[in-house]
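Undergrad: Chains as they are written, first to last, in my numbering: chain A, 1 to 234; chain B, 1 to 234.
It is worth saying that the hints were derived from the structure and are not from the lab.
Quick caveat: nothing in here was measured; it's all calculated off a predicted structure.
Every residue gets a Cβ at the ideal spot worked out from N, C-alpha and C, and that includes glycine.
Any given hint might turn out to be false.
As the list claims (entries may be wrong) - Calculated from the model, a selection of chain A residues having no Cβ within reach of chain B, i.e. all distances over 12 Å:
(1) Glu90
(2) Glu93
(3) Arg121
(4) Gly138
(5) Ala155
(6) Ala157
(7) Cys175
(8) Val177
(9) Glu181
(10) Arg201
Claimed, not checked - Chain A is faced by these chain B residues, among others (derived, beta-carbon under 7 Å):
(11) Ala49
(12) Leu52
(13) Ala57
(14) Thr59
(15) Ala65
(16) Glu69
(17) Gly73
(18) Trp190
(19) Gly194
(20) Arg197
Listed below, chain by chain, are the residues.
Number of protein chains: 2
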Amino acid sequence: MSRGYGEPVPTRPALILFDVNETLSDMAPLAGRFEDVGAPGGLARTWFASVLRDGVALTAAGASARFAEVADGCLRVALHGVALDRPLDEAVEHVLAGFAELHVHPDVAEGLEALAGLGIRLVTLSNGAASVAEALLGRAGARAHVEACLSVEDAEAAGPWKPAAEAYARALRRCGVRPEEAMLVAVHPWDVDGAARAGLRTAWIDRDGSPYPRHAAEAELTASSLVDLARRLR
Amino acid sequence: MSRGYGEPVPTRPALILFDVNETLSDMAPLAGRFEDVGAPGGLARTWFASVLRDGVALTAAGASARFAEVADGCLRVALHGVALDRPLDEAVEHVLAGFAELHVHPDVAEGLEALAGLGIRLVTLSNGAASVAEALLGRAGARAHVEACLSVEDAEAAGPWKPAAEAYARALRRCGVRPEEAMLVAVHPWDVDGAARAGLRTAWIDRDGSPYPRHAAEAELTASSLVDLARRLR
Numbered sequence: 001m002s003r004g005y006g007e008p009v010p011t012r013p014a015l016i017l018f019d020v021n022e023t024l025s026d027m028a029p030l031a032g033r034f035e036d037v038g039a040p041g042g043l044a045r046t047w048f049a050s051v052l053r054d055g056v057a058l059t060a061a062g063a064s065a066r067f068a069e070v071a072d073g074c075l076r077v078a079l080h081g082v083a084l085d086r087p088l089d090e091a092v093e094h095v096l097a098g099f100a101e102l103h104v105h106p107d108v109a110e111g112l113e114a115l116a117g118l119g120i121r122l123v124t125l126s127n128g129a130a131s132v133a134e135a136l137l138g139r140a141g142a143r144a145h146v147e148a149c150l151s152v153e154d155a156e157a158a159g160p161w162k163p164a165a166e167a168y169a170r171a172l173r174r175c176g177v178r179p180e181e182a183m184l185v186a187v188h189p190w191d192v193d194g195a196a197r198a199g200l201r202t203a204w205i206d207r208d209g210s211p212y213p214r215h216a217a218e219a220e221l222t223a224s225s226l227v228d229l230a231r232r233l234r
Numbered sequence: 001m002s003r004g005y006g007e008p009v010p011t012r013p014a015l016i017l018f019d020v021n022e023t024l025s026d027m028a029p030l031a032g033r034f035e036d037v038g039a040p041g042g043l044a045r046t047w048f049a050s051v052l053r054d055g056v057a058l059t060a061a062g063a064s065a066r067f068a069e070v071a072d073g074c075l076r077v078a079l080h081g082v083a084l085d086r087p088l089d090e091a092v093e094h095v096l097a098g099f100a101e102l103h104v105h106p107d108v109a110e111g112l113e114a115l116a117g118l119g120i121r122l123v124t125l126s127n128g129a130a131s132v133a134e135a136l137l138g139r140a141g142a143r144a145h146v147e148a149c150l151s152v153e154d155a156e157a158a159g160p161w162k163p164a165a166e167a168y169a170r171a172l173r174r175c176g177v178r179p180e181e182a183m184l185v186a187v188h189p190w191d192v193d194g195a196a197r198a199g200l201r202t203a204w205i206d207r208d209g210s211p212y213p214r215h216a217a218e219a220e221l222t223a224s225s226l227v228d229l230a231r232r233l234r
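This is chain A alone, in the form it adopts within the complex:
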């Protein structure tokens, strides 16, 4: 799956679409937000998987909702039965406010700078709000490397979530780039899979040596960080 020493260097994509949550941001601190309100920290991962499950389910059913709405709804379900230390609404607000304080992984600022230095256009594409990516990159001092922060939702409508082909296609139309000229970069195999099926090139970021599931379409490239990705595309 990954290209090692001595293998041909892939041609550079004209544009990279970055996933945001977990791919750029380190979501580990959200576990602390759950603990703050009296819930087990491990519930953070269950909750986030359920947000993606429900959001993508709406897309599969031909509907859609905004990320913030699904995150709120799934959080109330996840916290049901937990002995919280404060009223439910306050607990929900405290956990969700954690999104606004997340930071990028240690490799992100250097990796974005290196990729931008290769002349590749860099854009983010999230199922969440564009403002979250804007603020995240701003805190990292890396906003200038990124041409635009896009979302599957906009002011008018929620829109289909990734990995529906239309989610990638809409973003690429806005950038004026054909699918085969673009590369989706994500830590989530389901996102890599959807982008590959939509005709994009793909790179999977595997920071911790996790296995890649066989049910997802393989990534063209596997890299251990954004810095490693820039090295492979040099």
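Following the hints, complete the assembly by docking chain B onto the known chain A.
TA: What follows is chain B alone, placed relative to chain A:
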């Protein structure tokens, strides 16, 4: 959302489609399977949410995979980094074998008998293999109340997963029933949502007083058990 005392009794559907995992089966013992192999029991919920997320993501991307394949792939990801007490393949096998030993919730056998007694045709429709539902109902002595155990997958192909409209439509075509004559019964709001959008009537089973998320289409009926559902449809 639910109909209380004094409200009109809904007409009976000709056929009920039951979701299987968690709706009929009590999946709580799977947490013990995780603990058996040295993993936190809470990881069972995270893993199951990730299986649905990845399976539905494939459907949203226009692809599909069998439940067993997605369950295996997501389990290897979930167990990554866990200090297991046995080799990974054996741990995966031990957890997945737990599906074959699950039992129905305490209300299921009586509820199915009561619903069958009302002259309603009863069918299961799972994103998982039909054989799992067959065996589950067999262990409960309730197989005779159910006309057929259907799955979105068959011998030839994996097929689109619920909540895609086509998953419900295929099952109803096999039963010779129109959507408006059928009722989907599930504990999962995303399943209720998809069925409602596909034109079916819906009932949400809420055994533990969980909140219903606002991002999902409301259920026509909410019942606390299958016995309660039979009472409402009497």
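Undergrad: Look at each hint and say if it fits the structure.
TA: Verification of the supplied hints:
Listed as a non-interface residue, Glu90/A keeps its Cβ farther than 12 Å from every Cβ of chain B; the least gap is roughly 16 Å. A cut-off of 12 Å between C-beta atoms confirms that Glu93/A is not in contact with chain B; the least separation is 16 Å. The claim that Arg121/A lies off the interface holds: its Cβ sits roughly 24 Å from the closest Cβ of chain B, which is beyond the 12 Å cut-off. With a least beta-carbon separation of about 28 Å from chain B, Gly138/A lies farther than 12 Å from that chain, consistent with its non-interface assignment.
Listed as a non-interface residue, Ala155/A keeps its Cβ farther than 12 Å from every Cβ of chain B; the least gap is roughly 19 Å. Interface exclusion of Ala157/A from chain B stands, the closest Cβ pair being 14 Å apart, more than 12 Å. Every beta carbon of chain B lies more than 12 Å from that of Cys175/A, the smallest distance being close to 20 Å; the non-interface claim holds. Every C-beta of chain B lies more than 12 Å from that of Val177/A, the closest at about 20 Å, which supports listing it as non-interface.
Every beta carbon of chain B lies more than 12 Å from that of Glu181/A, the smallest distance being close to 20 Å; the non-interface claim holds. Every Cβ of chain B is farther than 12 Å from the Cβ of Arg201/A; the closest lies at roughly 16 Å, confirming the non-interface assignment. Look at Ala49/B: its Cβ gets to within about 4 Å of chain A, closer than 7 Å, so that hint holds up. Interface hint status for Leu52/B: upheld, as the beta-carbon distance to the closest one in chain A is roughly 5 Å, under 7 Å.
Because the beta carbon of Ala57/B sits about 4 Å from the nearest beta carbon in chain A, less than 7 Å, this interface hint is met. Annotation: Thr59/B was flagged as interfacial toward chain A, and the flag holds, the nearest CB pair being 5 Å apart, inside 7 Å. Taking 7 Å as the C-beta contact cut-off toward chain A, the hint placing Ala65/B at the interface holds, the least distance being around 4 Å. Interface restraint check: Glu69/B against chain A, minimum CB-CB distance 5 Å, threshold 7 Å, status holds.
For the restraint placing Gly73/B at the interface with chain A, the shortest Cβ-Cβ distance is roughly 3 Å, inside the 7 Å limit, so the hint holds. Proximity of Trp190/B to chain A holds as hinted, the smallest CB-CB distance being about 4 Å (cut-off 7 Å). The criterion of a C-beta within 7 Å of any C-beta in chain A is met by Gly194/B, whose closest approach is roughly 4 Å, and the hint holds. Taken as an interface hint, Arg197/B checks out: its beta carbon lies about 5 Å from the nearest beta carbon of chain A, inside 7 Å.
Figure legend: structure checked against the earlier numbered hints; every hint is met.
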